[in-house]
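Participant: Residue strings, one per chain:
2 protein chains.
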Amino acid sequence: MAELIGFIGLGALGAPIATNLLAAGYPLLVHNRTAAKADGLVARGAGRADRSVDAVRPGGIVVTLLWDDASVEEVVARDGFLDALGPGGVHVSMSTISPAGSRRLAAMHAERGCLFVEAPVFGRPEAAVARQLWIACAGPAAAKARVRPILEAMGAAGVFDFGEEVGAATTVKLVGNFMIGAAARSLAEGLAAAEANGCDPEAVVAMLTTTLFPAPIYQSYGRLLVEKTVVMNAGQADIGRKDLGLFRAMAAEAGAPTPMADFISGASGPRR
Amino acid sequence: MAELIGFIGLGALGAPIATNLLAAGYPLLVHNRTAAKADGLVARGAGRADRSVDAVRPGGIVVTLLWDDASVEEVVARDGFLDALGPGGVHVSMSTISPAGSRRLAAMHAERGCLFVEAPVFGRPEAAVARQLWIACAGPAAAKARVRPILEAMGAAGVFDFGEEVGAATTVKLVGNFMIGAAARSLAEGLAAAEANGCDPEAVVAMLTTTLFPAPIYQSYGRLLVEKTVVMNAGQADIGRKDLGLFRAMAAEAGAPTPMADFISGASGPRR
Chain Y
390 MAELIGFIGL
400 GALGAPIATN
410 LLAAGYPLLV
420 HNRTAAKADG
430 LVARGAGRAD
440 RSVDAVRPGG
450 IVVTLLWDDA
460 SVEEVVARDG
470 FLDALGPGGV
480 HVSMSTISPA
490 GSRRLAAMHA
500 ERGCLFVEAP
510 VFGRPEAAVA
520 RQLWIACAGP
530 AAAKARVRPI
540 LEAMGAAGVF
550 DFGEEVGAAT
560 TVKLVGNFMI
570 GAAARSLAEG
580 LAAAEANGCD
590 PEAVVAMLTT
600 TLFPAPIYQS
610 YGRLLVEKTV
620 VMNAGQADIG
630 RKDLGLFRAM
640 AAEAGAPTPM
650 ADFISGASGP
660 RR
Chain R
390 MAELIGFIGL
400 GALGAPIATN
410 LLAAGYPLLV
420 HNRTAAKADG
430 LVARGAGRAD
440 RSVDAVRPGG
450 IVVTLLWDDA
460 SVEEVVARDG
470 FLDALGPGGV
480 HVSMSTISPA
490 GSRRLAAMHA
500 ERGCLFVEAP
510 VFGRPEAAVA
520 RQLWIACAGP
530 AAAKARVRPI
540 LEAMGAAGVF
550 DFGEEVGAAT
560 TVKLVGNFMI
570 GAAARSLAEG
580 LAAAEANGCD
590 PEAVVAMLTT
600 TLFPAPIYQS
610 YGRLLVEKTV
620 VMNAGQADIG
630 RKDLGLFRAM
640 AAEAGAPTPM
650 ADFISGASGP
660 RR
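So the sequence lines, in the order shown, correspond to chains Y and R.
Quick note on my numbering: the first sequence kicks off at 390 and runs consecutively.
Quick note on my numbering: the second sequence kicks off at 390 and runs consecutively.
Think of the hints as simulated: they come from the structure by calculation, not from any bench.
Possibly wrong hints are sitting among the right ones.
Since the list gives no way to pick out one identical chain from another, each pair is judged satisfied if it fits inside one copy or across any two copies.
[Said to hold, decoys possible] DMTMM-like mimics (lysine to aspartate or glutamate), calculated; alpha carbons at most 25 Å apart, straight line:
1) K617 / E554
2) K631 / E462
3) K426 / E554
4) K617 / D550
5) K617 / E642
A quick note: this is a predicted structure, and the numbers were derived from the prediction, not measured.
So here's chain Y without its partners, still in its complex pose (with noise of 0.2 Å):
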């Protein structure tokens, strides 16, 4: 009998994921800010928790798929969330935050018992529906190997365990996340040119993304600029500058500069 789990968060991306544990067997309980959000998932079997608290038992293990470091912490500081978790509960926080807001909210849940797991997911919603996530994995080795049937029943095509010490896996998304902009960005120069130059775009992403860079970003990027049909909607905007700004200020408390990252967040080049 698997154990139940509370899900707070089913945004695009949370929602998919939640609808595999569901089919995965994995009893419910689900909550999210805007209610009529769980509907789909209530109604496929999941239970509804009013209150984000109410998807945590004590003793369990709570996933929440946010926005950023704040709507993590304000979940974590709201109605008692963590007594109520209590000792031996496990914190999946799968949401692309910063590692020092991670770190911090590892310390959290330490000083009650709790235990935090830092789970940031790479892939887009269909990725999550085909069962093609990517997750990098941080956090206390118990916990980890307690969740990680979870973890892959998500949609995981791979898990990757980044170690003990949270923040690891958390940096690894927002480094992934950049070298995502940057391939985009020199996809998009590229191709333009190329097509400025009389070459078919078609033919041209389908030599490069089968020889240099038989990559998805390259892959489906060049897709969507051969049938200039990129449309990044607001919300996809807002992350791609949300979790660039994330990399730069990681980078930047580490002191390891970033004049890639620094130039793209501040280009004003196409912004297809």
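Fit chain R to the supplied structure of chain Y, relying on the hints for placement.
Facilitator: Same frame as chain Y, now just chain R:
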């Protein structure tokens, strides 16, 4: 019986490519400005051409793999090269040169009834040995059909046809090299930030290059960064600078902005 091929330019990439042709049974006439670089191929059965024009046969096929626009134009202009090649002769130009220069060369060849195929090549010398090169080509259809088996015998894992208009394949080569430069810069910057934040760079590279970025450039450069053995020799740095300059010039001529390439070429970040 495979036909005789003239091969001019036995540098780091030219030598293993010519060796592959010899191994595939093509009789070769080889020439290099520094004659000693031909010794190994001559020892394996290639004929030695004292002057570049001596590698050319009427109506035959001659390959050049040289440094830049000027060096290709110089070979073509010297000692009656085009007269020696004559009507129906095919010049396969594999150097990374400007699309404009390639078009000029094509016009010079057409005036004499010679055929000009541009066939710039992606791959390091190790890739030539491993027969994992990728070649882009453009030029007259009949000439391309004649040289295609030769391009394959050079060690190409893939030959990509960009049409009859010369300039398209060199454009793709410059776009690809710019994107390689951007990818390498972003990986170096991201990895340095991760390491400064206490992540094990080997684990970061292992995750990123098997998930988001399973591409040769990220994998090979990532390995070098992890081993701290990135020694970009002067020759490689020169190639990077030259090709980035060609990319920017090509885009500028076509009216396409290149903010990221401008940034990379002027950036003072860590050039390892």
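Participant: Broken hints, numbered, in rising order?
Facilitator: Violated hint (a single one): 3; every other hint is consistent with the structure.
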